[in-house]
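*Asks:* With chain H fixed as given, assemble chain G onto it according to the hints.
There are 2 protein chains.
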Amino acid sequence: MITIVAKFIVHKGQESAFLKLIEELGEASRAEDGNIEYVLHKKVDDPSTYCLIEKWKDQAAIDFHNNTPHFTGTVPKIVELAEVSIDLYEPV
Amino acid sequence: MITIVAKFIVHKGQESAFLKLIEELGEASRAEDGNIEYVLHKKVDDPSTYCLIEKWKDQAAIDFHNNTPHFTGTVPKIVELAEVSIDLYEPV
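Going down the list, the sequences are from chains H and G.
Each number in the working numbering comes from the position in the first sequence (counting from 1) with 10 added on.
Each number in the working numbering comes from the position in the second sequence (counting from 1) with 10 added on.
Only chain H is shown next, with the shape it has when bound in the complex (with noise of 0.2 Å):
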């Protein structure tokens, strides 16, 4: 298993535009094979950031998932919303 952790520090106005988006890609992404667990989370003390924590079988799942047309075609557009930091790491 291979887990996600997104950080996205939204810009000033953005938030809805960027919510809608991820609840798009979550929705589809929640849908592939590949997928355990994919929880949008927002920073208790800062409302500007979020964390998306995204689990997937393996690197093949994430290869296919990366591949899709809702990850191609959403994630150009939310990259443009926030600052974005993403990590992959594995269960020690």
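There are no misleading hints in this set.
Identical chains blur together in the list; that is why a pair holds if it fits in one copy or across any two.
Here are the simulated lysine to aspartate or glutamate pairs, EDC-like style, with alpha carbons at most 20 Å apart:
#1 Lys17 / Asp55
#2 Lys67 / Asp55
#3 Lys30 / Glu100
#4 Lys22 / Asp55
#5 Lys53 / Asp73
#6 Lys53 / Glu100
#7 Lys17 / Glu37
#8 Lys65 / Asp55
#9 Lys53 / Asp97
#10 Lys52 / Glu90
#11 Lys53 / Asp68
#12 Lys52 / Glu37
#13 Lys52 / Asp68
#14 Lys17 / Asp56
#15 Lys67 / Glu42
#16 Lys17 / Glu100
#17 Lys67 / Glu47
#18 Lys65 / Glu100
For the record, the hints were derived by calculation from the structure and aren't laboratory data.
*Replies:* Frame of chain H, contents of chain G only:
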């Protein structure tokens, strides 16, 4: 539910000491009533970076946890071994 994402960049040569402490802390933390999940992850492309993803029932569970002997006895040692950043999130 509150999710804690704690990122650790472990100082050179301190990995085994860090892993030992986190394992001790994890075992005791998972036994707490308020804990839902407590999983250590290692960054796929950087062996000195770890991420602890913890899920707690609520803030009261976190407050209780932060005052347990295993927390107060271990965390001060852990922060000596790594650069630590901690974010608290709530699912959207």
